[in-house]
Structures are given as C-alpha cells and as structure tokens.
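Chains D and C supply the protein sequences, listed in that same order. The C-terminal residue of the first sequence carries number 469 in my numbering, and the numbering is unbroken. The C-terminal residue of the second sequence carries number 575 in my numbering, and the numbering is unbroken.
One thing to keep in mind: the hints can contain errors.
Here are the simulated DSBU-like cross-link-like pairs (lysine-lysine), alpha carbons at most 35 Å apart as the crow flies [to be verified]: (1) K173/D / K574/C; (2) K168/C / K316/D; (3) K446/D / K166/C; (4) K32/C / K205/D; (5) K88/D / K256/C; (6) K168/C / K446/D; (7) K168/C / K398/D; (8) K171/C / K398/D; (9) K84/D / K18/C; (10) K575/C / K205/D; (11) K88/D / K574/C; (12) K84/D / K32/C; (13) K575/C / K436/D; (14) K84/D / K10/C; (15) K84/D / K55/C; (16) K249/C / K147/C; (17) K55/C / K88/D; (18) K572/C / K84/D; (19) K249/C / K205/D; (20) K197/C / K84/D; (21) K222/C / K205/D.
Label pairs and their calculated CB-CB ranges [as the list claims (entries may be wrong)]: (22) G408/C / P83/D: 58 to 64 Å; (23) P8/D / A165/C: 50 to 56 Å; (24) Q150/D / A165/C: 45 to 51 Å; (25) G217/D / T564/C: 24 to 30 Å; (26) T564/C / Q150/D: 37 to 43 Å; (27) D329/D / G17/C: 53 to 59 Å.
Honestly, the hints are just simulated from the structure, not real lab data. Just so you know, even glycine gets a beta-carbon here, dropped at the ideal spot from N, CA and C.
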Amino acid sequence: MSEITYLPGHEPHPRETRRIFRNIDRAGYNPSIDCFLADGGYETLKKAIQMKPEDVIAEVKKSGLRGRGGAGFPTGVKWTFIPKGNTKPVYLVCNCDESEPGTFKDRFVVHQDPHQLIEGLVIACYAVQAHFAVIYMREEFPEGAKIVRQAIREAEEHGFLGQNILGSGFDLKLILHRGAGAYICGEETGLINSIEGVRPYPRIKPPFFPAAIGLYGCPTIVNNVESLCQVRQVMMRGAEAYAAEGAQRSPGTRIIGVSGDVKRPGYYEIVSGSMTYGELLYDVCGGPRDGRKFKAIIPGGASAKVMRCDEVLKAKNPDGSVKEMSVFDIPLDLDSIAQHGSMSGSGGVIVMDDSRSMPKMLNNLNRFFAWESCGQCTPCREGNPWMYKLSTRICEGKGAPEDVDLLKSVADNICGRTVCAFGEACSWPTQAFTTKFQEEFLALTKPINAAKPHNPETAAAQKFLTRED
Amino acid sequence: MSTQPAILPKDEAAAEGKVNVQINGKWYRFPKGTRIADACNSVGAHVPCFCYHPKLSIAGSCRMCLVEQGMPPRLAPGAEPVYNADGYQTISWMPRAVIACANTVAENMGIRTDSPLTQDARRGVLEFLLTNHPLDCPICDQAGECKLQEYTADYGRGTHRFTEAKIKKGKNISIGERVNMDQERCVLCRRCVRFMKEIVGEEVLGVVGRGGHNAIACHPGKRLDSNYSLNTTDLCPVGALTSKDFRFKMRVWFLKSTPTIDVNCGTGTNINIWTREQQVYRITPRQNDEVNSCWMPDNHRLNYKYINADTRLLHPLVRTDAEAPQRKAAMAPTLNMVSTQISKCDADQLAVVASARMTNEELYLTRQLVDMLGITKYDVVPRKGESDNMLIAEDRNPNTTGSKLILGRDGSGLQNIFDGVRSGAIRALIVLNEDVVAAGLSADDLKGLDYLLCVSHNVDGTTPHADVVLPGSTFAEKYGTMINVTGRIQRLNRAIEPPGKAMDTWEILRYLLVRFGCDNEMITACPSARHLFDLLAGEYEPLQGLTWGAIGNQGRQVIETGVTIPLIEREKAKK
Chain D
1 MSEITYLPGH EPHPRETRRI FRNIDRAGYN PSIDCFLADG GYETLKKAIQ MKPEDVIAEV
61 KKSGLRGRGG AGFPTGVKWT FIPKGNTKPV YLVCNCDESE PGTFKDRFVV HQDPHQLIEG
121 LVIACYAVQA HFAVIYMREE FPEGAKIVRQ AIREAEEHGF LGQNILGSGF DLKLILHRGA
181 GAYICGEETG LINSIEGVRP YPRIKPPFFP AAIGLYGCPT IVNNVESLCQ VRQVMMRGAE
241 AYAAEGAQRS PGTRIIGVSG DVKRPGYYEI VSGSMTYGEL LYDVCGGPRD GRKFKAIIPG
301 GASAKVMRCD EVLKAKNPDG SVKEMSVFDI PLDLDSIAQH GSMSGSGGVI VMDDSRSMPK
361 MLNNLNRFFA WESCGQCTPC REGNPWMYKL STRICEGKGA PEDVDLLKSV ADNICGRTVC
421 AFGEACSWPT QAFTTKFQEE FLALTKPINA AKPHNPETAA AQKFLTRED
Chain C
1 MSTQPAILPK DEAAAEGKVN VQINGKWYRF PKGTRIADAC NSVGAHVPCF CYHPKLSIAG
61 SCRMCLVEQG MPPRLAPGAE PVYNADGYQT ISWMPRAVIA CANTVAENMG IRTDSPLTQD
121 ARRGVLEFLL TNHPLDCPIC DQAGECKLQE YTADYGRGTH RFTEAKIKKG KNISIGERVN
181 MDQERCVLCR RCVRFMKEIV GEEVLGVVGR GGHNAIACHP GKRLDSNYSL NTTDLCPVGA
241 LTSKDFRFKM RVWFLKSTPT IDVNCGTGTN INIWTREQQV YRITPRQNDE VNSCWMPDNH
301 RLNYKYINAD TRLLHPLVRT DAEAPQRKAA MAPTLNMVST QISKCDADQL AVVASARMTN
361 EELYLTRQLV DMLGITKYDV VPRKGESDNM LIAEDRNPNT TGSKLILGRD GSGLQNIFDG
421 VRSGAIRALI VLNEDVVAAG LSADDLKGLD YLLCVSHNVD GTTPHADVVL PGSTFAEKYG
481 TMINVTGRIQ RLNRAIEPPG KAMDTWEILR YLLVRFGCDN EMITACPSAR HLFDLLAGEY
541 EPLQGLTWGA IGNQGRQVIE TGVTIPLIER EKAKK
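Excised from the complex, chain D in its bound form:
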C-alpha cells in the first residue's frame, strides 16, 4: 500500500499500529465513499459475502476477537447465541453511544471514516443473517450523525446496502437512530428500549444477552463500533493472521484514549499487550507535565477502579515466584489489569498527577453517575445522589471521618444489587478512591463536624429537637 501521510501534528507514534485508525487525521482523506473505495474499501465485504454465513461466524470466533465496548466478550461467541431454529427476524444494533467518560475512540471512526464501520456492520449482519440494522448514535454527535447518514446514502447508491447486496441476494436495511443524551442508553438493553421508544430502563437479567430476546422481542446482536471495525479487520486479514497479533487472549489492536495530566493526551492505536501502562504514559504520551508526578490512573473509563501509581502490586512469575511491580508494569491488554482489581474496559485511560485532589476527582465522577442513573432500581437511584452529596460535603470540608466509611459502605450496598452493570460502574470508583486514597479524604474531614448540622434542613430539625432554655 502506498505511503500514508497524516496531518501535521497528528502523525502516529512509531510504536503505534494503525489499523482501525488508519485513515484518521490522514492528509487528503475525507469521509466520502470515494476516499474509502480508493483505499481498498468494501473489498473485504465482497470477499465475505461469497462465504457462507456460518463460515464468517467461525472465522470471527477463530480470530479470538473480543468486544471493544468494555466488557470484552468474544464477538463470535455472542453471535452464536441466537437461538437455534429461530424463525423471528434477527436485528443487529451498532452501539455508538460512546458515553463512558474518558473514552473517545468511536467518535473518530464515525466522524472521519464511517464507511469502515458500515462495511464491518454489513459483514456482521451477513454473518448473523440480519436484514435490519440500527446504528444507535448518541445525541452529542450531531455532526457524526450527518456524516453517517451521508455515508449510508452513498453505500446504498453503490449497492453495499439495500436490496441484493453485490448480487449475493442478501438484503440489508441500515438506519441511524439518535439517542437523547443518556449514559444508560449505552447499556445494551437500555439501548434496545430506547430504540423501541420506551424509557431506556435496562431490562432485567436473565436473559443475559439480547441475542435471545432483544429488540421487539426478536434476537438482537449489539456490537460496539470498534468491534464491528475489528470484524472487518478479521475478514480482511484472515482469522489466523489476526489471532497471531497481540496478546494471546485478546488479539488485535486496541485504541487507547489517554486524557488528563500527560504531555501528549490523545488516541493511540497499539497492538494489544505490546506495551505496558508505563511505556504508554512515559514513552508514547511523553510523561507527566513538567515538575509533576503521576499520582493515579483510571485505566478503563470512568467506572474502572482507580490505580495508585505508587502502589506495590504483586504478580506471579511463570515459575510461581512472586514479583513486585507497579501499575506501570502492567501490560496493556484486556485481562492483565483485571488481576489487580481494575479493568481495562473501553480503553479510556484517565491520568491524574499530584496536583489533583482525589476527593474532588471522585466527587466529579459521583456527580456524573448521580445525574446519569436511570432511576429504575432502588440501590442505584437512591445510592448515587447519596454518594454525591456525601463526597460534596467531604470536599467542602464539612465531613466527619465517619463519613468516609459511610461513603464506602453506601457504595458496597449498591454494588451487585442492581438491574444492570451501572451499579458496579458507579460504586467501583467510590470503593477504590476511598480505599486507596483514604488519607486524602480523612485530611478533609474534621471530627468536630460529626456533631454539627451540615445542611439547613438538619439544622432546622436539630433546633426543633433541642430545647435551648
């Protein structure tokens, strides 16, 4: 392939491997189909549509591709959950509700290279024999919506969508559905409810996957934007070549979005497991800002548990001996960091240096989760505002030391008791921040505050209850 030039200031780092982001910020590239076709676009679709659908699924399964939405579930396996002997229509939904704070990978795909998503999506639809597909795009991408709509029109004009795609007899109708600005719509069953036009309350589990009962009660596959682009990569390069690259249990490339206190924040596409967090932050991102030290990392979007940079972690060597390491020594793949109590999630790495107050960071996250809780189930609906109010009070210096324990206890009461994974997402930050940075929280509290009324309502109540004569 010809040499690719990127816009000045947007050149990839030498340690990057650009596959999904091959055309992002590329000089002379625009989202039109002409650019995409000139770059070898839709060739993979032509190849895949000649195969049997089962073979496409087998190929994706063999590649070991894991979903990029955050949970890391094997994509090919998910596709096989459609019930055998199913007579209902199958739907495919592309989850483009990228709303996890710290994550910004899908937005580049839909804004700059939408056709690779459409190509991957058509291949996936062909594999699961879905004739109707939806791209569910968050409200905050108004430009992206225009671009994707235009791309769908172009793909239809070129016969990559619509009736009898490329003469194969396969039909596919693709529509774009806009969300209205809610984090919970990224939860796949909440997303399905949103498409159906009802309140986007996540559905109760089981069924654990909408592949059994999904959109309008029919089998539905929900895949992330990056996952579908990766499907295209699998079919383009072959399952074996794909599986050979990167970490054994999470092959392929990953897009990492680094934000926060580093010299060069931004997106980086790297081969999974090819570097550690330390290499990413120091070598690729240029290290901390001048005169600063890294203090903490949230490794996989806002809901992942925070990691302390000076924490001593213990890991087992292959020979069974225990080695001591720091968070910077953990490889950047899907599983390694999970062994140390966090998760690599959607690849949004949030970095905080020693200028940051951890209680204030947590308060910021709590505000987000309190606002975004859908309110369906009790622990999340009632627990999130409570956590937010508690952390706010601690940050204002009106907290007592007991409040820190209370904050942790409230989070413990949410975790594992909710309808959807939001319960974990909202309670993990609080659990991790209050445990790992307890001293910072305690420093903000004053024992005397325990007896003091801290809001007008309680003050009024206390006045009423205590006789002043």
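Starting from the structure of chain D, add chain C where the hints point.
Okay, now just chain C, sitting in the frame of chain D:
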C-alpha cells in the same frame, strides 16, 4: 464416596412435573416454573417485595426480594454428577444475590433467605428506600398497611445514616378524580404504571425525571380517571397513591374487614368491607381468580354511602289513613297488622315485586310466600346495562341467576304487573327491596292501589307512597348466597348489624310466613340464613349436596350459563 439412594429425588420430582429446591436448609418440591418468591413465601420463608405482583408483568426493579441462590457446580466435560446420601448434589452458592420475583426454581437449586448475604442486601435496599422518603407515617394514610413500614420494622437500622438534604418532589397532587398522589412517598415500584397499561389498557401513567428525580406522573393531557383507577391505590405498597374517598377518614388498624361480595352487578366481585363501630369506611377487592382477579370498578367500590346514610329506615312506618302521614311503629304489631291486611286481599288482585338483588335465601322465602298465598303475579325488576368489557356485567342485578332458579322469574313479566297496577286489575302490591317508581310506575299509579307494602332499607321513590314500610337490610348486613352471571354461587357475610329496628329481609319474610300459618317447622323455626341454605340445597338440583362451608370465601360453580367475564378470560388466555 457417599452412597446414594436407588431412586434419586430429582427423578421422583420430575415424574410429578416438579423440582427439588432447598430453602434455608430444608428440601421442598415445587412445580416447574414457580417463582422463587412464591416458593419461599409458601413455605414460610418470607420474601419482601414491592414491585412484584402476581397479576402484573415482572419489573424486578425494587431489589427488595434479593435472595442468596446456589446451583450444583457446573460439571467438567465427561464428569458425572455426585449425589450425597439423600440423593442431592452439593450446592455451590453464588456470590451475588438474585431477585426472587423474576427467577424461577430449578432442580437442586438452593435458596437462603436467612443468610448474611440476603439479610445484608435487604437492609441495604431498605435503607436506600428510606433516604428520600419523607418519613411522615403519622400523617400518612397507608400507615398500618404499608409495606415500607412493615419491612422497616423487619430490616430497618433503627437509626439514620442519611443526613443530607432530601430530594423534593411533588406532594398532594390530584392525578385523577378519585386518586391523590404523593411523589415523595413513592418507592417507584411502577405497579400502578403496569396496572394501567396491562390490565386497563390505557397508558395514563409513566415515569418522568432522571435518576433520583424519577417520579410517577400522568402523560401530558391525561388524567387517571379510569373507572378502575382506585385499584392503583390498593396496589400501591406505600402511601403514594391514596383514595380521595378514604384518605384521612380512619386509621386502618381500627378497621375490621369482612369478606363478602359486591352486589352492583351480576359479576359478584369479591370484596372486603372495612368497618368500625357499625360504620362502613371503605370497600376493597378481594382476590378471586374466577370472578374478579384482584380488581374492582370504582363506581361499585364507592357505592356504599347509602349503608350509613341518613335515609336509612330504622323503624317500621305505618300509614293508618289514606291521607295521614307515615308514623313510626314497633316491629311485632306492624307484622301482625301486615299479615291481617294481606290476608284480606284477593290473591288475584295481589302482586309481588321481588328483587334480583335479594339473596337466594330471601328469594326462597318469597317463593314460599307466593305459593302459600296463591299469588301468580310476581316478578323481579330487570336491570340491564352495557358491559365494560372488564368486570362490569351487562346484568346489573347480582342474583338474576338465583332468581331464575328459585323464583322462576327473570324480570320479563314485570311490565304485566305494572300494566295490572295501572289498569286497576291489581289492587295490592308487595314490594321487596325494590323501588318500583324508579322501575317505571308513577306516584299516581301507586296512589290508585288499595294497599302497598314495602320492605326497603332506605327511603326511596316508593316508600313515601306505601301503607306499611318494613325496614330491611343492605348487603353489608346480610348473610346469604347469590349466584353470579357465570353460575357461581358466592356467600355474603355480615359486616355490620342492621341499624335500629331494621331486620334481615329473610327474617321479615319468615315472620310473615309464620303469621300466615306456615306449618313447615324448618322454615318457621329457622334460626339463620345458613339453615335456609340447607333447605335450598335439598330442594334445587344445582345446589344438591352443597353446604354453607363448602361454598367458602371463593364460591362454587353450580350452573353453566355460558356467560364469561372478559377480564378473567383475558387473564386465563395470558397464561
């Protein structure tokens, strides 16, 4: 390796279509598909629920019913399951609690409702529910029958950990003609939303706001004015939805509930009457899956005011002269007088207008009366309306089926009697529990009669024209049976005593029969309606062998009428 029994319990259970479930260490058998919550409650392992209601879809959102659950360990490929001496596999417990309302039992499943995990989950969820709750039990109408209050007694901490400002929501909102809402008390179980959508089929209620600001509200431009709206107040586990009719009237713990049936239409909806000191305060539906499920229409529910109204007849009223006013009289002399006066009437010129609102026992005595006096002109007042395609039957009389069976009349001959009154062929009229003026006769028609006897519980259009009025009883004061439109016999139970000198209608009829010289001791010495039912059961073929006790609180199907109740049919079709 432990020895295992020859026949495994799982195979025994499978033969019965059941599964073995361990609840708190003991093994039980339940039919396949039983919900964990129902299974636990049926063996006394109580599972608290807010959002779960057996007649509504599963929401699974209150999270109060979390229980610890375990299953046998998943086997490695090729491995054989291992059974202990009792024939069960060991249970590996899951670290995460599951909701008992949405999940069903499975073979060799283990449930713990008393474990630390379960108890912890319940305490945690309950604490959350109380954080933004106004805690206004002293002024809340639901107090005493509030699930939140009950569960707080069971799982509450006793002290508050939440000291922040509470989220403010709407209070005292009139969301319908009969229902008031307090959004702060709401636990957002959405039972009301699901009821309106799934049972009534009107999408009126929904949830607005996000997160902690979630609140139930009516859709724009709509109000909760359905004729079934008050069922939402029964469904509401807390004091968020309250009945405008009942709120602030009485503390529920002072009320006594009596199971009986509704008499406003042929369905015979099963109800509870809630009373205190001879006063009826409210009526709520009682579950009967063959008659009314768990619901009842509002207009029937609220039609109880006449029971304690000022218009109740408390004494016999007698008019001694055509132009004289009615005067209060004592019961015994009035009955004597009535029997003498009726005996003087010519049987051909005497007619009886009975009522299909009377119980079978009353109709039976009416039958004895007309047979004894040789009266041939007798009938009941028919009442027809439109069915609402839910619970209200076309036939607005509660006991037309009983009237057909016992009296042999269904109201088709009433006009002949009225014509007879108008033409003068009928000179005397006995009206039992009916208002013939409302049924079509005019006051002038009644003035033309020589003699008019009324047995009635309230002053109505007819009683002012009567020569003698005997005070009868309302359905709330009666023991008796009625047969509904589908042919189901059901019992009425006495919730309050008849006021003043008022008497059960069957007793009035019995006294009259005694005075007319009835010689059947079974009737003349009959001490209660229940004994009359035994007579009925001996005499009428469909009731053969039936006893008062066998009817029970759920009734018995005795006649095939072919009539169905639309709501019940829909519910059965759903299963």
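Q. CA of K88/D to CA of K574/C, is that 35 Å or under?
A. holds, 21 Å
**Q.** Holds or violated: K84/D to K10/C, with C-alpha atoms at most 35 Å apart
**A.** holds, 28 Å
Q) Between K168/C and K446/D, does the CA-CA distance stay at or below 35 Å? A) With Cα atoms ~29 Å apart, K168/C and K446/D stay inside 35 Å; holds.
Q: Sort out whether K147/C lies within 35 Å of K249/C, counting only the CA atoms.
A: holds, 20 Å
Q: Sort out whether K88/D lies within 35 Å of K55/C, counting only the CA atoms.
A: It holds: about 28 Å lies between the C-alpha atoms, which stays within 35 Å.
**Q.** Restraint check for K173/D with K574/C, where alpha carbons must lie at most 35 Å apart
**A.** Between K173/D and K574/C the Cα gap is close to 34 Å, so the pair holds against 35 Å.
Q: Assess, step by step, whether the Cα of K88/D is no farther than 35 Å from the Cα of K256/C, and give holds or violated.
A: violated, 53 Å
Q. Between Q150/D and A165/C, does the beta-carbon spacing fit 45 to 51 Å?
A. 48 Å Cβ-Cβ, so the 45 to 51 Å window holds.
Q) Falls inside 50 to 56 Å, the C-beta gap from P8/D to A165/C? A) At 52 Å between Cβs, range holds.
Q: Please work out if K84/D and K18/C have their alpha carbons no farther apart than 35 Å.
A: holds, 27 Å
Q) Is the hinted pair K168/C and K316/D satisfied, with a Cα-Cα distance of at most 35 Å? A) Cα-Cα ~52 Å, so violated.
Q: For the pair supplied as a hint, K575/C and K205/D, confirm whether the alpha-carbon distance does not exceed 35 Å.
A: holds, 22 Å
Checked against the numbered hints given earlier, the structure breaks hints 2, 5, 13, 19 and 26 and satisfies all the rest.
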